[in-house]
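We have chain Z already, so just place chain G with the ligands on it with the hints.
Protein chains in written order, with our numbering: chain Z, 917 to 1165; chain G, 3 to 391.
Calculated directly from the structure, the hints in this document are not laboratory data.
The structure displayed is predicted, hence computed values, not measured ones.
Even for Gly, the Cβ is constructed at its ideal location relative to N, Cα and C.
Keep in mind that the hints are not guaranteed to be accurate.
Said to hold, decoys possible - So the derived list for chain Z, only partly shown, Cβ under 7 Å to chain G, looks like this: (1) E991; (2) L992; (3) A995; (4) N999; (5) R1004; (6) T1010; (7) E1013; (8) H1014; (9) F1018; (10) D1019; (11) S1024; (12) R1029; (13) P1031; (14) S1034; (15) C1133.
What the hints assert, rightly or not - Now the in silico label distances, taken between C-beta atoms and shown as ranges: (16) G/S249 to Z/L1035: 19 to 27 Å; (17) Z/D1049 to G/A180: 55 to 63 Å; (18) G/L373 to Z/D1099: 54 to 62 Å; (19) Z/F1032 to G/L373: 50 to 58 Å; (20) G/D185 to Z/F1036: 41 to 49 Å.
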Amino acid sequence: MKQHTDTILYLDSVSVSFDGFKAINNLSLYIEQGELRAIIGPNGAGKTTMMDIITGKTRPDTGTVLFNGDTALTELDEAAIANLGIGRKFQKPTVFEHHTVFDNLELSLKGNRTPFESLFFKLKTEQRDRIDDVLKTINLQDARNQEAGSLSHGQKQWLEIGMLLMQDPDLLLVDEPVAGMTDAETIETARLLKDISKNHSVIVVEHDMDFVKSLDCRVNVLHEGSVLAEGSLDLVQSNPEVIEVYLGR
Amino acid sequence: MIRQPFILRILQDRLASFILGLLLLSAFLVPALNLYVSPESALHVPSYVVTLLGKYLTYALLALSVDLVWGYCGILSLGHGAFFALGGYAMGMHMMRQIGDRGVYGDPVLPDFMVFLDWKELPWYWYGFDNFGFALLMVLLVPGLLAFIFGWFAFRSRVTGVYLSIITQAMTYALLLAFFRNDMGFGGNNGLTDFKDILGFDLKSDGMRASLFFLSAMAVIFGYFVCKFIVESRLGRVIIAIRDAESRARFLGYRVEYYKLFVFVVSAVLAGIAGALYVPQVGIINPSEFAPANSIEIVIWVALGGRGTLIGPIIGALVVNYAKTYFTGALPEIWLYMLGGLFILTTLFLPKGITGTESIAQSFENYRLKLARWLRPHDFPDLNKEPAE
Ligand SMILES: Nc1ncnc2c1ncn2[C@@H]1O[C@H](COP(=O)(O)OP(=O)(O)O)[C@@H](O)[C@H]1O
Ligand SMILES: [Mg+2]
Chain Z
917 MKQHTDTILY LDSVSVSFDG FKAINNLSLY IEQGELRAII GPNGAGKTTM MDIITGKTRP
977 DTGTVLFNGD TALTELDEAA IANLGIGRKF QKPTVFEHHT VFDNLELSLK GNRTPFESLF
1037 FKLKTEQRDR IDDVLKTINL QDARNQEAGS LSHGQKQWLE IGMLLMQDPD LLLVDEPVAG
1097 MTDAETIETA RLLKDISKNH SVIVVEHDMD FVKSLDCRVN VLHEGSVLAE GSLDLVQSNP
1157 EVIEVYLGR
Chain G
3 MIRQPFILRI LQDRLASFIL GLLLLSAFLV PALNLYVSPE SALHVPSYVV TLLGKYLTYA
63 LLALSVDLVW GYCGILSLGH GAFFALGGYA MGMHMMRQIG DRGVYGDPVL PDFMVFLDWK
123 ELPWYWYGFD NFGFALLMVL LVPGLLAFIF GWFAFRSRVT GVYLSIITQA MTYALLLAFF
183 RNDMGFGGNN GLTDFKDILG FDLKSDGMRA SLFFLSAMAV IFGYFVCKFI VESRLGRVII
243 AIRDAESRAR FLGYRVEYYK LFVFVVSAVL AGIAGALYVP QVGIINPSEF APANSIEIVI
303 WVALGGRGTL IGPIIGALVV NYAKTYFTGA LPEIWLYMLG GLFILTTLFL PKGITGTESI
363 AQSFENYRLK LARWLRPHDF PDLNKEPAE
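Next up, chain Z with everything else stripped away, as it sits in the complex (with noise of 0.2 Å):
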């Protein structure tokens, strides 16, 4: 076994199943502090679930989450888990549709998540900074006052990586970013989430191989719930097991 203590992320032999589906089956996964990691996997291999796992969204049946090497996550909700530095990314993009894109990111702002602090919270110069920073490299200055559910969708992903980014989070988890987007976009996202894993630890699910491709990072793979391999991408590809998984369906 790994020694855990210099892991983001330590998962060993987590299992959850839905209405006997096992969906998550005796899966571990070790994360180093800084890395950043691709996860691959067909659909249905439980990459969501895992991720629903490690945010506290869904509470394994067996099996230890660890989060920086010490801070057990299976017993803590959502909000807890967000607060300890773990950020996400849903699959599907998900932002605040009726507020602009700046009031996105200013309520993405770390701290201040009370209801106290939230009713005479005023923006400091710094924070608003802040924001400008993020906009910039999400590449949104100019729909800074737009309504979030007037973005185009890849606009809309990087929003969500921006929110994220404003959390400042140690871990981000990234559902499936470049679904749905153009060639250029996707270029575009690879570039930002390897530019931020220089100071973050970053999961990325994703299918689009020249996407990960261009990640260049230790990618796994998933399938029915645990990990068939692991390596380099071009050691996993050439793996015959996964090439039977993929090609198989």
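Relative to chain Z, chain G with the ligands alone:
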């Protein structure tokens, strides 16, 4: 579709200042026209009209309280009549105790219905209500506490949507049944009535009626600004975020249940204040105020006026209740069908209500400008020029 939220919002803000201005004006004007203009004059406002308008205003405050939770936080409460009724009962209990030995049975302490039931002692929960300050505190505390307890369980167990609406109906229905029982000690199905005075002022006097009207108008204005402060704060943006994408808010680290609890309690307290102003004006409070249909009617006012606008529900409550008074007099048998029909038409054709629909908000604005120009012709040289914000 290109959204133009800002234009609509500016129109709504203008409309709000206009309506609130009118309210403030009538808060002084209506009592003055009642008290100081002779009854022969065409400008005289009869006392029954003062009280009727005062009653509408308490409904407007009630509608406002529902808009805060429904329009901004997505909590469709079908039980707000309960908070209104509890505020009303708290005030009613004070006025019962004020009757003292002037009741039919002349008991110095026990209200008539208790003497009638052959009770010997005042139940403990009636203690303190002889004190006006205590009663006012209870007007705020009882609805607030019920909302807190109810919300604590409902929001923590993440009951949302239709299920939440159903349990709010169940809550008010349960209270209806409970208050019907004589041994609850709230006057059973007759409720509390035969009130005489508050702070020594006769409830039937013109001065008292005018004062209650004034207070009701002020309460609506106060309620509006409380809600406005909340929805324009960051907390307001959080509850809209919760309304639109609850799980996104959770994964950003917001404890959704605390936010819901906060607005639900504030809203219940406002509804309680409305009830407390309502009861002295209508002179009675009985369990029918808890009827589930009442709570549904409030939601209709809000939907019609335009939820999520604060000013819309105020207008909705005033318009629908005026229409109700008119039609239940003129054509009593069709009023309920009209109300139902109105609701269906609104949902189909004006899903955002009167004030949420841009064309209607724009025509309100045109009337407002016309009126303003008529009142102050020199301040409006150019029609199309907007004052700098
Ligand atoms: N809440 C749930 N209830 C029942 N089944 C679920 C639930 N969540 C996921 N599943 C099932 O678990 C399996 C894994 O789903 P998911 O994690 O979404 O896969 P992926 O993201 O890899 O495509 C699927 O078969 C899905 O139907
Ligand atoms: Mg998925």
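Interface hint for Z/F1018, Cβ within 7 Å of any Cβ on chain G: violated (11 Å)
Holds or violated: is there a CB of chain G closer than 7 Å to the CB of Z/C1133? At 24 Å from the nearest chain G Cβ, Z/C1133 fails the 7 Å test, so the hint is violated.
Please check whether Z/A995 passes as an interface residue: C-beta within 7 Å of a C-beta belonging to chain G. holds (5 Å)
C-beta pair Z/D1049, G/A180: status relative to the range 55 to 63 Å that was hinted: Taking Cβ atoms as reference, Z/D1049 and G/A180 lie about 57 Å apart, which means the hint holds.
Would you settle whether the hint for Z/L992 is holds or violated, based on the nearest Cβ-Cβ distance to chain G being less than 7 Å? Because about 11 Å separates Z/L992 from the closest Cβ in chain G, which is outside the 7 Å limit, the hint is violated.
Double-check Z/T1010 for me: the hint is only fine if its C-beta lies closer than 7 Å to a C-beta in chain G. Holds: closest Cβ of chain G sits about 5 Å from Z/T1010, inside 7 Å.
Answer holds if the nearest beta-carbon of chain G is closer than 7 Å to that of Z/S1024; otherwise answer violated. holds (6 Å)
Interface hint outcome for Z/D1019 [beta carbon to chain G under 7 Å]: holds (6 Å)
Quick check: does the Cβ-Cβ distance between Z/F1032 and G/L373 fall within 50 to 58 Å? Violated, since Z/F1032 and G/L373 (Cβ atoms, about 41 Å apart) do not stay within the stated range.
Restraint: Z/R1004 near chain G, CB-CB cut 7 Å. Satisfied or not? holds (5 Å)
Regarding the hint that Z/E1013 lies at the interface with chain G, is the smallest CB-CB distance below 7 Å? It holds, given that the least Cβ distance between Z/E1013 and chain G is near 6 Å, below 7 Å.
Using Cβ atoms only, decide whether Z/N999 comes closer than 7 Å to chain G, and label the hint accordingly. Holds, about 4 Å.
Figure legend: structure checked against the earlier numbered hints; hints not met, in rising order: 1, 2, 9, 15, 19.
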